[in-house]
Structure formats: C-alpha cells, structure tokens
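Full structure from sequences and hints, please.
Listed in order, the protein sequences are those of chains A and B.
Using my numbering, you'd call the opening residue of the first sequence number 1 and step up by one each time.
Using my numbering, you'd call the opening residue of the second sequence number 328 and step up by one each time.
Among these hints, one or two may not hold up.
Unchecked claim - BS3-like cross-link-like pairs, simulated, lysine-lysine; straight-line CA separation at most 30 Å:
#1 B:Lys655 to A:Lys63
#2 A:Lys63 to B:Lys445
#3 B:Lys753 to A:Lys63
#4 B:Lys640 to B:Lys753
#5 B:Lys581 to A:Lys156
#6 B:Lys693 to B:Lys387
Claimed, not checked - Incomplete in silico selection of chain A near chain B, CB under 7 Å:
#7 Gly271
#8 Thr292
#9 Asn294
Claimed, not checked - Here chain A is said to cover these stretches of chain B; the calculated rule only asks that three of the stretch's residues, wherever they fall, bring their Cβ under 8 Å from a Cβ of chain A:
#10 412 to 426
#11 439 to 450
#12 587 to 593
#13 722 to 736
Note that these hints are calculated values from the structure, not bench results.
Built from N, CA and C at the ideal position, the CB exists for glycine as well.
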Amino acid sequence: MAITTAPPTTSPRTSQRSDGPGEHQRHQTKRWLPYALIAPAVVFELLIHFTPMVTGVWISFLKLTSASIANWSSAPFAGIGNYQIAVSATNAQGAALLNSFAITCGFTLIVVALSWGLGMAAAVALQRTFRGRAIFRTIFLIPYAVPMYAGIIAWKFMFQQQNGVINQLLVSLHLVDPAHLPFWLIGSNAFGSVIIVSIWRTWPFAFLMLMAGLQTINEDLYEASALDGAKPFRQWRAITLPELGGVNRVLVLVLFLWTFNDYNDPAILFGAGQPPAGDLISFHIYNNSFSTLNFGFGAAMSTLLLIFLLIVSVAYLLFVNRRSTRA
Amino acid sequence: MKFSRRTKLSAALVAAVSLALVATGCSSGGGSTSGSNGSGSTITYWASNQSGGPTSDDVKILTPILAHFTKTTGIKVNLEVISWNDLQNNINNAVSSGSGPDVLNIGNTWAPYLAATKAFVPFEGKAATAIGGTSRFVPSALATGGLAGQAPTSVPYIGLTYGLFYNKAMFSAAGLTPPTSWEDMVSDAKKLTTGGVEGMGLVAGSYTENVHFAFILGEQNGGAWYDSSGKPTFTTDANVQGVLRYLNLMQDDKVVSTADAEHTDGSQAPADFAKGKIAMFVSQNNANTTLTADGMDSSKYGVVPIPTTAGGKNIASGIQGINLSIFKNSKEQAADLQFIKFMTSSYAQSAIGLPFGTIPVAKGIKPQFSTDKDFQATFQKIYNTQAAPYPLVASEGAFEQNVGTAVNGLFATIATGGKVTASDVKAALQTAQDKTEATQ
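Laid out in structure tokens, this is it:
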C-alpha cells in the first residue's frame with residue numbers, strides 16, 4: 001500500500017563523498033550487499049503474489065473447464081466470454097454474482113462498522129490503568145487467538161436450531177416460542193449469523209490496533225483538556241480520534257479488505273449448502289467455479305473482485321491522504 | 328552501512344536457504360520407476376472414509392488387507408484415508424495441479440466429470456487385461472465408470488444403494504406393515520408422527536443427498552435429467568413434480584421435521600433413528616455400520632426399497648458406490664494396476680464386505696455386507712433390479728452441485744415458514760440448469 005516517507009535531507013552519495021577515498025572504495029565494492037539481501041524477498045514477492053495474480057487474469061480469458069483442466073494449454077481462448085457471463089444480470093450466473101456482491105457489500109459495511117466500534121469502545125475503556133485491566137485485555141483477545149476453524153465450528157453448534165445454545169437462551173428469556181424455534185444457519189437469518197461470527201472474529205484485531213495507538217497519545221493532552229472542563233466524550237472526539245488518525249486510516253482499510261474477502265466464515269459456518277442470505281462473494285466464487293471445475297469463469301469473477309477492491313482501496317487512500325494533508 | 332561479519336554470514340545463509348527452497352519447490356517429486364510387475368515400488372492410495380466411524384477406523388480395517396497385498400506382490404502401499412468433506416476438493420486439486428496419489432477412491436457419480444478431465448488412466452487394452460478384464464464386474468456398476476460410449480476411467484470397488492429403513496417395533500405397535508407404495512409410505516409416516524416422534528427423517532441440508540432424491544424421484548416419474556444428446560432437461564414436469572413430492576414430505580405431508588433442513592451430514596438421521604426419534608429414514612445400505620455404532624441392533628429395524636408412486640417407474644435408487652481410478656501422472660502404473668486387481672479380487676472384496684457394508688461389484692463374489700439375511704437380500708435386489716445410473720455426462724458434477732443446492736434452498740424456504748409451489752421448483756431448477764449449461 002502507499003506508504004509515504006519523508007525524503008532524506010542528504011543523499012547517501014553526498015555523505016559518502018565526505019569520507020576518505022579509501023572508505024569510498026570500500027563502499028563501492030559493498031554496494032551489491034543490500035540488493036543481495038532484498039533479492040530473496042523480491043523473488044518471493046513476485047513468486048507468491050504476482051505469479052498467481054497474473055495466472056488468474058490469464059485463466060479468466062480461457063475456457064478452462066473439466067475438459068481442459070488436466071492440460072491447461074489445450075484450453076480454448078474465450079476472449080471476454082467469461083466476463084460477459086459474469087456481468088450479465090439476465091444470465092443465471094451473472095444475476096447470482098450480482099446478488100452475492102450486494103450481500104457482501106452490506107455484510108462488509110456492518111461488520112467493519114461494528115468491529116471498529118467495539119474495538120474502539122473496548123480500547124478506550126481499558127485506556128486508564130485499573131486493577132484487572134490485564135485480565136480484560138486477555139479476555140478480549142481470545143477470539144483472535146482461538147484457531148479459526150475451532151471458533152467458527154463452535155458458533156455453528158451454538159446456532160443449531162434444535163440443540164443450539166442460542167435458541168435455548170432465547171427460549172429461557174421468553175423471546176422465542178419453543179414450538180417455533182428460529183433457524184440461524186438457513187433462511188434469511190443466516191445473514192445475521194455470519195455477521196455475528198465475523199464481528200466476533202474481527203473486532204479483537206481492531207481492539208489490538210487501537211489499543212496500541214492509544215499508547216502513543218500523550219497523557220498531558222487529557223490532563224490539559226480536563227482542566228479546561230472537557231467531558232470524556234469531548235476528550236474522545238477532540239483528542240483520541242484525531243490522534244488515532246493514522247491507525248484508523250490503515251485499520252479501516254485492512255478490516256474492509258479482510259471482511260470483503262472473507263471465505264472462512266461462510267465456508268465453515270454453512271458448508272457446501274450455502275444459504276442465499278449468506279452468499280458471500282469469495283465463497284460464492286469458489287462454489288461456482290472450483291467445485292464445478294469451471295476455472296475460467298471463476299478466474300473472471302475473481303479478477304472483477306480484484307479490480308473492485310483495487311479501485312476502492314486507491315480511492316480510499318487518495319481520499320484519506322488528501323484529508324490528512326489538509327488537516 | 329556497516330555489517331558485522333556475523334550479519335553477512337547469516338544474510339548469505341538466508342539467501343542460500345531461500346534459493347534452495349525455490350529450487351526444491353519448483354521441482355516435482357520424481358519417483359523411480361521399477362520393474363514391469365511393480366515389485367519393490369511404493370504407491371500412494373487415497374481411500375474414502377467408508378467405515379461409518381472416524382478415518383482411523385478405516386486405517387485399522389484396511390491395514391491388514393494392504394499388508395496381504397504387500398506380502399504377495401512386494402508393492403508397498405502408502406495409505407491416506409480422506410474424509411468426505413475433503414475428498415472431492417483434494418481430487419480436484421490433484422487434477423488441476425497434476426500431482427496427486429497413484430490410486431484413489433472416487434464417488435462413482437463423479438466418474439463422468441473426472442473422465443472428462445482426461446487425468447485418469449482409461450481401462451482398455453493392456454490396462455484392462457492387467458486388472459483381470461472388465462467383464463468380471465457387474466455391468467450396471469461398471470457402466471458408472473466414466474463417460475457414455477468411452478472406456479471407463481474408473482472401475483467399481485464398493486457397491487451401495489438407497490433403501491428405506493423402518494423401526495420394526497414402531498410399525499407393529501401401530502399395526503402397520505412396511506410400505507410398498509409412496510402413498511402407503513406417506514400415510515404410514517403420518518400415523519407414526521405423534522408427540523416427539525417424526526414419521527421420517529431426511530438429510531435435507533445436504534446437497535449430495537438432495538440431488539440423489541431429486542434424481543430418484545424424477546426417474547420414478549419417468550423423467551430424465553439429460554436428453555440423449557447430453558443436454559440438461561432439469562425442468563421437465565416429471566422432474567419438477569418429483570422434487571415437489573420430495574419437498575412435500577416436509578411441506579404438505581408434514582412427516583419430516585423442519586429441523587431436518589439444517590441436517591448436513593449423513594450421521595444425523597441414523598442417530599435420530601437409533602434414539603427412536605424417527606420411525607423411518609432413507610439411506611444407503613452402509614448406514615447399518617452407523618446404526619451399529621449408535622447402539623441399534625440389526626434385529627430392531629427392517630429395510631424395503633424406497634417405494635414409487637402408483638403407476639410410477641420401479642426405481643428405488645441410483646447406482647451408488649465408490650470406484651477406483653489411477654492417476655495418469657502416476658509413475659508406478661504397473662503397480663497401480665496390480666493394486667486395483669487386488670482390491671477388486673474376491674479376497675479384498677470379502678474382507679471389506681462387512682466393515683464397509685459393500686454390495687459386491689464383481690460377479691461371483693458372495694454378498695456379506697450384513698449379518699442379517701433379509702437386509703442383505705433386499706439391498707442386493709435393489710442394486711440388481713431397481714437402481715438407475717446417474718447421468719454419464721461431463722457436467723454431472725455441476726448437475727449435483729446446482730440441483731442439490733437448489734433443493735437445499737427450497738427446503739430452507741419451507742422450514743422457515745415459506746410456501747413452495749411447482750412453479751417455484753421449476754424456477755429453481757431453471758436457474759440450476761442455466762448454471763450447469765454455463766460450465767459445458
């Protein structure tokens with residue numbers, strides 16, 4: 001992502017020139033070393049990040065199905081055919097993708113907003129030292145530490161209609177009729193379920209980042225504002241929020257990208273029979289390409305997703321950077 | 328910048344290790360080819376989870392059988408038992424990456440689409456001879472081995488069919504005899520649906536189960552899911568009415584609990600049945616191993632073919648089962664062929680018969696998939712006379728995924744209080760068909 005650093009005041013060359021001639025000579029011969037050190041990283045970066053991306057884009061122009069999957073070179077060129085199917089709203093596949101995209105947008109908006117809100121509330125609550133603070137910090141971070149699969153599968157059990165603890169709780173609180181227990185893993189409630197699980201998994205990260213950010217704020221600011229009679233909410237708005245600006249900019253972007261791409265939550269919570277209300281886009285693409293060996297179409301959908309996320313990320317960064325330079 | 332000698336050393340080490348990783352990561356693991364009979368070689372075998380228990384049970388069952396094979400042929404077998412949730416993914420991965428096991432189990436309904444990938448060895452010519460010929464297999468089972476009109480790329484290994492399991496005590500207490508028609512089954516189920524007990528149990532949240540019943544009930548109605556030229560015909564009236572009849576067990580007949588719409592794995596219905604919470608359930612014959620594990624003795628239940636409607640076609644099951652395939656990239660094909668010959672021999676088939684609950688797939692092998700004679704006779708009869716083959720087309724995988732998921736969705740609608748009509752079913756099947764056609 002775009003990281004801007006202040007330009008160095010003196011270039012390495014000028015500083016070298018101030019050294020003696022012998023020193024200069026030695027620096028000359030060693031100049032390969034930094035490159036040699038980063039070379040493996042560059043090679044791996046290209047290998048791990050770039051190759052699959054380029055391969056994916058290339059596949060999206062092929063009719064790569066079960067007939068050609070064992071020998072990719074035999075796959076006929078499809079031009080933009082896969083993309084035409086993906087963006088056509090009248091075609092069954094295109095309509096399903098559009099629907100999944102809309103659901104994912106709603107899901108992302110809610111999960112990011114609530115995860116950030118919860119993380120912020122918890123971080124601020126634990127900002128001052130008090131007895132037992134470490135215990136709360138640890139408890140709040142548990143969802144982040146639990147192995148992902150174990151955490152989500154536990155939610156799946158909790159959400160079960162017949163034996164799940166959620167329905168038992170709702171019954172004991174007289175919120176639902178025991179004769180008509182609601183379903184949480186199928187039907188329209190599935191949307192709410194996957195949101196709850198995703199927030200549960202995501203908010204500790206927001207909490208951790210914001211907590212780290214809060215450590216850097218100078219206590220004097222709070223003391224000075226308290227002397228001026230500022231109430232806690234005013235302090236939060238006028239001091240905490242602006243001081244956390246840098247953290248928030250990165251945090252919201254990362255939360256957005258993670259949540260939009262979320263594959264694990266729907267895949268583990270719902271399994272292969274994904275309910276329409278929980279039809280999140282990453283798992284949707286998987287279900288409609290990989291499991292039917294229709295890779296060309298899957299790659300086209302993935303490329304569209306990549307383009308969308310790139311546009312949103314770049315627009316977001318331009319927007320927040322301009323705002324922060326104006327401020 | 329100044330670097331100490333130690334830093335430079337470790338940096339060089341990091342670079343060297345990284346390069347080594349790249350080098351090894353890119354080279355494919357080559358194996359040594361051995362003699363023409365495969366003796367002295369090692370093959371990797373992916374087995375599906377057939378024991379009705381955890382995969383470790385399968386390892387226990389298969390280990391002595393494989394040891395016998397190693398003793399007689401000198402071929403070592405590296406066994407990996409893979410759970411059903413992962414098997415198809417792993418196979419798809421192997422096909423698309425080109426690296427996988429030597430020999431593997433596949434669900435026989437996957438055979439056509441896997442045949443279309445050309446990633447598996449066709450059993451013709453020398454390969455067919457090496458496994459003792461293909462004519463020794465039960466013809467209907469062998470017919471599931473690949474694409475229509477082509478040499479099979481898999482041979483049958485485990486034979487299974489669907490049947491209707493019923494609780495004997497509940498039936499006699501209600502003065503009922505096992506149903507022989509669909510209408511009987513529904514009326515029996517209604518009588519048996521009383522406080523705390525449901526007439527029937529379904530795995531209505533499993534797309535694989537749902538597509539099997541969509542297929543079977545469509546076939547009973549005289550429908551077909553593909554025409555003779557291999558084009559999908561999902562939305563014919565026979566198929567729509569078949570799916571609706573299946574859905575109505577929950578919707579109109581109300582003999583299936585709405586809770587079943589959430590059931591995604593095949594062990595839940597047998598568990599409910601063993602606890603006496605349901606009077607009937609439909610399952611493949613190997614459910615008896617699960618029922619035994621759940622503590623229900625085979626004398627407590629009986630089986631009959633899934634009945635058809637008055638005037639319907641006498642189909643009670645698809646030809647279910649597990650096939651064996653050889654991965655084309657295997658370097659030990661001589662050994663692979665010997666292994667397949669062995670696994671389909673009377674020795675291995677007898678050894679797996681009872682623990683895996685398998686109906687023999689080769690001629691002349693004594694059925695021994697149950698200790699209960701009636702149980703065995705009923706399933707053997709269904710397998711031989713009432714089972715229809717699934718569509719042998721390349722888009723079979725997409726058919727299963729799309730139709731199965733569509734039925735999942737319809738069950739969910741019913742369970743959450745919605746109403747499903749014939750036109751809803753037709754619309755859902757049309758979407759499934761459009762999606763399936765897009766993969767062709």
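Quick rundown of the hints versus the structure:
Between B:Lys655 and A:Lys63 the CA atoms are separated by roughly 22 Å; this keeps the pair inside 30 Å, and the hint holds. Restraint check for A:Lys63 and B:Lys445: the C-alpha separation of about 16 Å stays at or below 30 Å, so the hint holds. Annotation: proposed proximity of B:Lys753 to A:Lys63 holds, straight-line Cα distance about 29 Å (limit 30 Å). Between the alpha carbons of B:Lys640 and B:Lys753 the distance comes to roughly 21 Å, so the proposed pair stays at or under 30 Å and holds.
Between B:Lys581 and A:Lys156 the alpha-carbon distance is near 26 Å, which keeps this suggested pair within the 30 Å criterion. This hinted pair checks out: B:Lys693 and B:Lys387 have alpha carbons roughly 23 Å apart, not beyond 30 Å. The closest approach between the C-beta of A:Gly271 and any C-beta of chain B is roughly 5 Å, which is under the 7 Å cut-off, so the hint is satisfied. Because the beta carbon of A:Thr292 sits about 4 Å from the nearest beta carbon in chain B, less than 7 Å, this interface hint is met.
The beta carbon of A:Asn294 comes within 4 Å of a beta carbon in chain B, closer than 7 Å, and the hint placing it at the interface holds. Beta-carbon proximity to chain A at under 8 Å applies to 7 residues in the stretch 412 to 426 of chain B; the threshold of 3 is reached and the given coverage holds. With a cut-off of 8 Å between beta carbons, the stretch 439 to 450 of chain B has 6 residues touching chain A; three or more are needed, and the interface restraint holds. Against chain A, the stretch 587 to 593 of chain B contributes 3 residues with a C-beta closer than 8 Å to a partner C-beta. That satisfies the three-residue criterion, and the hint holds.
For the stretch 722 to 736 of chain B, the stated coverage by chain A holds: 9 residues have a C-beta nearer than 8 Å to a C-beta of that chain, and at least 3 were required.
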